[in-house]
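**Q** Below, each chain spelled out in residue letters.
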Amino acid sequence: MRFTLISAKKDLTRLGRDPLALLTALGIPLVLIALITLVFGGGGSATPQGKLLFADEDQSFVSGAIRGAFGNEPVSKMIAVESVGREEGLRRMDRGEASALLIVPRGFQNAYFRNQPIQLQLIENPAQRILPKMIEETLSIVVDGGFYLQKLAPVPLSSFAGAPPPSDEGAAFLGIRFNRLARDLRKYLNPLLIDLKFNVAAENPQDRNVAALFLPAMLFMSLLFLGNAHALDIWKEQAWGTMRRLATTPVSLAALLGGRLISLVVVLSGVALVGVAGMRWSAGVPVASVGLAAVWLVLSGAAFYLLLVSIAVRSSSQRTANVTGNLVVFPLALIGGCFFPFEMMPDWMASIGRLTPNGWAITQFKALVAGSAGARDFFVGAAYIAAAGAILFVLALRGIRKLV
Amino acid sequence: MIEIEELRKSYGEAIAVDGITLAARAGEIFGLLGPNGAGKTTTVGCICGLLTPSAGRVKVGGHDVVRDGAAARAQLGVVPQELALYDDLSARENLAYWGGAQGLRNPKLRERIQQVLGLAGLEDRAREPVKRFSGGMKRRLNFACGILHSPKVLLLDEPTVGVDPQSRVRLLELVRAEARAGTCVLYTTHYMEEAETLCDRLAIMDHGKIIAAGTLADLRSLLAERDLLRLTGVFAPAAARAAIEGIDSVEILHCDGSMLSMSLPEASAKLPAIFTALAQAGAEVRGTTLTQPSLESLFIKLTGKELRE
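One line per chain: the protein sequences are H and A, in this order.
For the first sequence, position 132 matches number 152 in this note's numbering, and the numbering has no gaps at all.
For the second sequence, position 54 matches number 61 in this note's numbering, and the numbering has no gaps at all.
Treat the hints as calculated values from the structure; they're not laboratory data.
Being a predicted model, the structure only gives us computed values, none of them experimental.
Glycine is no exception: its CB is placed at the ideal position from the N, C-alpha and C atoms.
Check the hints yourself; a few may be wrong.
What the hints assert, rightly or not - Computed spacing ranges between beta-carbons, pair by pair: (1) 259(H) to 135(A): 51 to 59 Å; (2) 408(H) to 74(A): 33 to 41 Å; (3) 122(A) to 289(H): 32 to 40 Å; (4) 36(H) to 187(A): 39 to 47 Å; (5) 114(H) to 136(A): 56 to 64 Å; (6) 259(H) to 188(A): 31 to 39 Å; (7) 118(A) to 259(H): 31 to 39 Å; (8) 278(A) to 259(H): 45 to 53 Å.
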């Protein structure tokens with residue numbers, strides 16, 4: 021154990037001699053947090069809100085229904101709808117004052133009821149990426165819904181075209197028919213009720229903001245990159261001959277690996293504290309337990325390191341180890357929720373992503389942050405990590421011995 | 008101090024070390040010579056526990072390197088051919104790390120660091136990162152790391168490769184000082200003159216076997232004061248061999264299409280006869296090297312090739 025600490029001190033001293041590398045490691049989450057805070061303004065209500073300019077030239081029931089679609093949560097939290105005239109809307113879009121302009125042309129309702137071709141015009145702001153796409157997506161759902169309603173409606177919608185408003189009796193009759201249709205179709209249209217169990221209990225939509233969405237992903241991305249860089253560094257020991265020389269001394273190579281792990285844990289602790297503190301106090305994400313969340317990050321980072329070093333030492337050369345490491349890290353980061361949060365992924369991809377080591381760790385981390393997981397969940401998860409870490413340590417050590 | 012009995016190391020069908028036996032005593036500098044692939048590095052690897060012998064036994068300071076590896080390695084100081092140092096650490100930090108690996112603790116560690124820094128002539132550069140050192144200084148520090156814990160057995164693998172003459176003299180003097188202090192030194196080198204001036208006993212390895220061993224005097228006696236003549240050019244091996252064999256006292260060591268080497272007494276007197284015989288055999292001689300009796304000529308006599316081949 022004494023030499024393990026000597027080895028850790030050596031690695032930390034080496035890290036200290038290369039302050040740029042150390043600052044990069046410590047600065048990744050800090051920079052990411054700062055950028056997100058700058059972009060979205062920080063604070064707990066930092067959900068980005070786009071503006072949809074709505075030019076309703078039809079002023080009909082259907083055009084009102086389209087506008088109403090943007091008034092439902094969760095879309096309404098992210099997109100504010102403002103009525104404008106066509107010309108004013110176009111002028112404001114030219115000035116980049118909104119995410120998109122939707123023009124509903126005169127005669128839209130009649131054309132829709134008669135199943136005649138007609139165009140909705142959506143003009144998107146090219147300077148924005150996500151919000152116009154969300155508007156486009158919402159609109160396409162509304163249009164698809166309208167199409168299916170025409171196909172499935174219990175009475176021909178064309179009968180409404182140009183007709184006066186229905187009487188109270190007629191409206192009640194139609195209401196009952198549509199209600200029955202909805203009830204019959206519920207089992208087909210609402211299968212998500214069955215899938216609710218796949219939703220992450222940790223996520224409390226009330227507390228979620230963009231920082232809460234992106235920061236855990238970015239912190240885990242930092243852990244993966246840091247672990248990979250530290251794992252590849254073992255090849256320097258091989259190239260310098262220091263690992264081989266150490267094998268001729270009475271100490272075990274386990275002390276070398278242990279020392280490297282401890283030095284990484286020290287660095288990870290810095291990253292975790294800066295990252296979680298940044299989440300809490302800079303980006304305004306409510307963190308239920310800063311301590312547990314930070315320790316979880318450190319444990320996860322240490323396990324990632326052991327996974328990556330056990331892969332790196334099985335490569336045939338430093339270059340191969342580099343390529344292999346990236347081939348492992350990037351797909352894991354992409355699908356495991358480190359580049360894009362699971363909430364932004366298609367369900368099937370998110371389901372797969374949560375099964376990856378980092379995906380599982382991110383999910384648990386979010387639960388700790390949100391407070392839906394407590395100390396008991398933490399210790400159970402930590403026990404899993406410790407068990408996996410022990411196996412990976414042995415695998416890495418075997419690889420190191422072969423490398424010598 | 009080092010006892011090797013019937014050591015054999017093979018990798019599948021390939022035999023790297025083929026049943027060698029040798030012993031090196033305390034206070035002795037034992038030279039191990041051989042061309043690349045002779046089995047020196049494998050032998051050294053087995054002694055310091057990096058490789059597990061396929062058969063045979065290796066003991067260091069009375070401890071079996073396989074069954075009692077940690078105790079055997081505790082007796083051992085290794086100075087590898089590569090500079091096994093951390094470039095971004097200072098000389099003192101490197102020494103503290105390697106001292107720690109050998110179990111040294113303060114204040115003994117501090118005291119030994121100071122001593123070996125003095126021996127290596129690095130006291131005034133002790134706090135500088137090693138990357139600022141010259142090649143010679145790095146070699147001296149590499150050596151200092153190996154002797155820091157005052158090992159009973161010191162393995163030196165080509166410790167003077169790429170070293171300036173001044174540093175080489177200093178390093179060789181350090182090796183002698185270690186031996187005088189009672190350390191058993193096993194020294195592998197390509198430099199024949201180093202082996203000649205430094206080693207008390209030598210073993211020459213080729214194809215995994217020891218082909219000659221003894222003191223320098225023992226080995227020189229094998230040459231019987233004969234010169235070594237090496238000719239390069241274009242030869243028909245059978246014809247050249249037949250032509251040379253007709254000349255009195257000439258022993259052909261090696262003959263192929265481009266090189267002919269032979270051992271003979273008073274070679275300068277026999278040169279005209281040799282050239283005439285070869286010309287008659289249709290050979291074209293382009294280069295001539297005449298070597299007086301030495302370890303190098305012995306090596307060529309025994310292996311048919313130069314040490315660096």
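**Q** Which numbered conditions among the earlier hints are violated in the structure presented, ordered from lowest to highest?
**A** 1
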